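Asker: Given the sequences, and given the hints that come with them, work out the whole structure.
Number of protein chains: 2
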Amino acid sequence: MEISPLQKERLKYQPKLPGMLKNGISDICVREGEATQSVADQEKIRSLFPNTYGKKEITFQKGANTSAPKKQVVGVILSGGQAPGGHNVISGLYDALKATNRENVLLGFKGGPSGLVDDDCVEFDDAFIDAYRNTGGFDIIGSGRTKIETPEQFKAATETAKKHGLTAVVIIGGDDSNTNAAVLAEYFAANHVGVQVIGCPKTIDGDLKNDDIECSFGFDTATKTYSELIGNIERDANSAKKYWHFVKVMGRSASHVALECALETQPNVCLIGEEVAEKKMSLSQIADQIADSVEARSKTEGNFGVVIIPEGIVEFVPEFGTLIREISEMLAGSKTEEFNALPDWAAKKEFIRKGLTAESYKVFDILPEAIQKQLFLERDPHGNVQVSLIESEKLFAELVKNKLDERKKAGTYKGSFKTQFHFFGYEGRCAFPSNFDADYCYSLGYNAFMLIQYGFNGYLSKVSNLSRPADEWVAGGMPITKMMNIERRNGEDKPVIRKALVELDGKPFKYFEAHRAEWAVKTCYTYPGAIQYYGPSDVCDLTTRTLALEKG
Amino acid sequence: MEISPLQKERLKYQPKLPGMLKNGISDICVREGEATQSVADQEKIRSLFPNTYGKKEITFQKGANTSAPKKQVVGVILSGGQAPGGHNVISGLYDALKATNRENVLLGFKGGPSGLVDDDCVEFDDAFIDAYRNTGGFDIIGSGRTKIETPEQFKAATETAKKHGLTAVVIIGGDDSNTNAAVLAEYFAANHVGVQVIGCPKTIDGDLKNDDIECSFGFDTATKTYSELIGNIERDANSAKKYWHFVKVMGRSASHVALECALETQPNVCLIGEEVAEKKMSLSQIADQIADSVEARSKTEGNFGVVIIPEGIVEFVPEFGTLIREISEMLAGSKTEEFNALPDWAAKKEFIRKGLTAESYKVFDILPEAIQKQLFLERDPHGNVQVSLIESEKLFAELVKNKLDERKKAGTYKGSFKTQFHFFGYEGRCAFPSNFDADYCYSLGYNAFMLIQYGFNGYLSKVSNLSRPADEWVAGGMPITKMMNIERRNGEDKPVIRKALVELDGKPFKYFEAHRAEWAVKTCYTYPGAIQYYGPSDVCDLTTRTLALEKG
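As given, the protein sequences belong to chains A and B, one line each in that order. Sequential numbering of the first sequence, starting at 1, is according to full-length UniProt numbering. Sequential numbering of the second sequence, starting at 1, is according to full-length UniProt numbering.
Note that these hints are calculated values from the structure, not bench results. Worth double-checking, as some hints may not be accurate.
Think about it this way: if two alpha-carbon atoms lie no more than 27 Å apart in a straight line, the pair counts; the simulated BS3-like pairs of lysine-lysine are [as the list claims (entries may be wrong)]: (1) K241(B) to K16(B); (2) K373(B) to K418(A); (3) K551(A) to K16(B); (4) K401(B) to K394(A); (5) K242(B) to K241(A); (6) K510(B) to K8(A); (7) K110(B) to K522(A); (8) K147(A) to K418(B); (9) K373(A) to K16(B); (10) K8(A) to K522(B); (11) K401(A) to K373(A); (12) K299(A) to K110(B); (13) K8(B) to K16(A); (14) K401(A) to K280(A); (15) K242(B) to K110(A); (16) K394(A) to K418(B); (17) K373(B) to K373(A); (18) K418(A) to K394(B); (19) K16(B) to K8(A).
So the derived list for chain A, only partly shown, Cβ under 10 Å to chain B, looks like this [unchecked claim]: (20) G19; (21) G136; (22) G529.
Derived list of chain A stretches under chain B, where covered just means 3 residues or more per stretch with a C-beta under 8 Å from a C-beta of chain B [what the hints assert, rightly or not]: (23) 5–12; (24) 194–208; (25) 286–293; (26) 311–317.
Model, not experiment: these values are computed from the prediction. Note that the Cβ used here is the ideal one computed from N, Cα and C, for glycine as well.
Answerer: Have a look at this one:
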């Protein structure tokens, strides 16, 4: 078996384009919009991006193509974590580039931005692209997390660009990668290298968005895949009536993924990091919230349920953040060695008790021992706690168990509490893109080429009105600097794209908030099932609930 | 959102029936086949089942329905673990029952066989059934694992049957449940209760099959769901080129699930329990086999890969089985208390060293400490090691790491070995049944009613020729005793259905064996993608590779 039957069929799928891009290359013109400002710190951002700041938003529309005829040699880079649809950005880009001029060239730089620095690339042709249409993964050229930031790297990138006669680079990435795209765009402009840079908004986390960028690609497919699995688990829980399933979902910081999965599957509990932070909830309060659901359900529905936990949750719990900071300070410098030399865990715990404030020690003390040890034993090379390794699904299950034991003693709870754990991340980042992501990504790539062809630099490819059918989508571009502000990173002020967190007054959260009390007690599970690429449009062209609520 | 868009559409799906059942109830007659023998221990089985042993296989065919008109009151029971399609067995049964006579009644006994003993049931009507057509889960009436074996239970079941005027019971279950169906059929016959018992072959494990029963239902959907996820992980591994993913798949004993997933996704390594047992492989040999793949790939493809591990693997490793037995003997009686009273792990390890044979201690000694402790600290109420709790995916990863460390020292291996772990089980047991399982289950249920109507007792509903289009499927029945033999259970000889293990000279394993050397070194991943219920028949009506290889 060389390729699977589905892959064979998907290669034939023709992604839908926004209506305004469907008339053929010769019939696409630009409508200019307002000049833009960065989302904050305008003067600082302007001073850092003198050549690319304050540009106008633009929209494409039907009309005579007035772009200058010019042979384009474009490089494309996949940057950061995988997201479904990356291959379609490249195929859309390729198709527009070749439709404009068969002599145009598309180079794929391998293994992320380092491919540009190290000049490691491949030239695409029809057969190459055709083998990757509508498939998941970033395996077409690989991805990487290198940032182009040192003078040597800029110089090397410039040399690569000159060597190949590059006219533009398209960077497909998340907030960090597009921040880097903006920096590179400014560098090329300031140094008259003659290379434009265009970004494409990618991340399954869903945290790269604003009023212009309605969602990042990959979010749709990844959340549909996780929701398929959560729905299956819910149905299992409701059939066996035996377990509480704790499901952790990927998404390093913002809780968009968890929220979308909750809207799709209506679990008993879903934690939202942004709410935990806003309400300054303690671990104990969160555990009580879950235990309330367990207790209520034990009296009516049975001893089963489903809890969704966002991967980044613990960083949003204020007291936990304080604990982490105190631990880092406590073990600074030679203290780590002193700590490591202690003979056993009892001695270490005593060291910890003395080193932490009484408040933080109280937090530390309620943690399960396995998590306590994780905080001290599994640290990164810089001595930092590796928060992402903390098994928060087990942490909360343990804390809930303790709460239930107390309630059992108090006589309010008589149920049983057996748990199962799941973590979904890698399961969804490389799925075949949903029709939505296949269409959206193809459009982003196609549109990226139009931005190049019209000479724009430092822009993000933008396709909006996404809650409507593709024919009504609006294509255009937004200066990347519009999303930027200044943030403190490793002790330095840096211009970065501001991450979009879950808005507690936004419609998706409001919908969740209005329903969760009922979901916590009753069994209101919905079972989305596997992503469908064919069949009734209601099923196979569906977008996310988040997008439908925000823009629908 | 009450139900998901996919569920809404799936409720409308009309499952396909075998051609011979499609002509309408009045046009189905019986063709008798050969009298049957049990697979082994014929005399013993015959003596235990004097009223139901040795019956003929039967096939349905087109012809005048000669069954006696009789009002049927049928009870149906879901028994054991969830498998996709259970609801369709019930809807097929209901449709045939009502098509024969609108006065017929179908009762659903709740929560497994205990529903019959405790008389806990519901009467189905059209609206009830319509809400569950083509959906996953067993939530329509729940399931359970009670066995009906004591005189009191038989008596209670008989009383329930008499109270409702039951004419037949359909038990939907795996090998244990169908063994129980055979016992119940014999009991009802011997005691002239006048209730027939029909079984339906269910289990995602795929180990309930023989020459007649080509596969159990649920295996298709569950393995497709796991293969979707494994394919996505493979694509992620091949994009990021950073991790070795160890994926454990459900399936308590036989390795059919792992093998099918391997055929679907072509991973670098897949362990097959039956081969490990046959070749008497040691843990060290298995670890070396995986390490060989890691080492070879590090030199050509990169430091990434995918390994599939069947849940039941450790029980197939002879030296591990011996170790488990020795541990149980060592801790028999008061020894457990003595062991538990030891002050620390070092003292306990010394106790273990003295208690085990030198050979078993060697095996124990190479285990990671976490697994060593699991063997001693997490025991069931009877003091047995809970083998299913052993995290075999982590065990093998750790053993491989040790092998690679040795090879690094020897200078043959220079790669890096970073791991990710996954366990897929609950993710697939309640998925929406694939078209295959939806059709197969509906046919099994429809056919079960024809067996009832024609007066058969102690039969398994049988639909075969499954690798062909549904129109060519063959429907009939097989006496359950044909699958039985005598096995030792808890110190007693018991008549049970013989589990079908992976046959090492069968075509699925042979295909795997012929290709795995290449898969181990090269990147030959295939990406099956999500189950499709619509679209090209090549994609949405596909059955398993196992079935295609065995029967195609």
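Asker: Look at each hint and say if it fits the structure.
Answerer: Now for the hints, and whether the structure bears them out:
| no. | hint | in the structure |
| --- | --- | --- |
| 1 | K241(B) to K16(B) | violated, 43 Å |
| 2 | K373(B) to K418(A) | holds, 21 Å |
| 3 | K551(A) to K16(B) | violated, 41 Å |
| 4 | K401(B) to K394(A) | holds, 26 Å |
| 5 | K242(B) to K241(A) | violated, 39 Å |
| 6 | K510(B) to K8(A) | holds, 26 Å |
| 7 | K110(B) to K522(A) | holds, 20 Å |
| 8 | K147(A) to K418(B) | holds, 23 Å |
| 9 | K373(A) to K16(B) | violated, 56 Å |
| 10 | K8(A) to K522(B) | holds, 21 Å |
| 11 | K401(A) to K373(A) | holds, 19 Å |
| 12 | K299(A) to K110(B) | holds, 19 Å |
| 13 | K8(B) to K16(A) | holds, 25 Å |
| 14 | K401(A) to K280(A) | holds, 22 Å |
| 15 | K242(B) to K110(A) | holds, 15 Å |
| 16 | K394(A) to K418(B) | holds, 22 Å |
| 17 | K373(B) to K373(A) | holds, 17 Å |
| 18 | K418(A) to K394(B) | holds, 22 Å |
| 19 | K16(B) to K8(A) | holds, 25 Å |
| 20 | G19 | violated, 24 Å |
| 21 | G136 | holds, 5 Å |
| 22 | G529 | holds, 4 Å |
| 23 | 5–12 | holds (count 6) |
| 24 | 194–208 | violated (count 0) |
| 25 | 286–293 | violated (count 0) |
| 26 | 311–317 | violated (count 0) |
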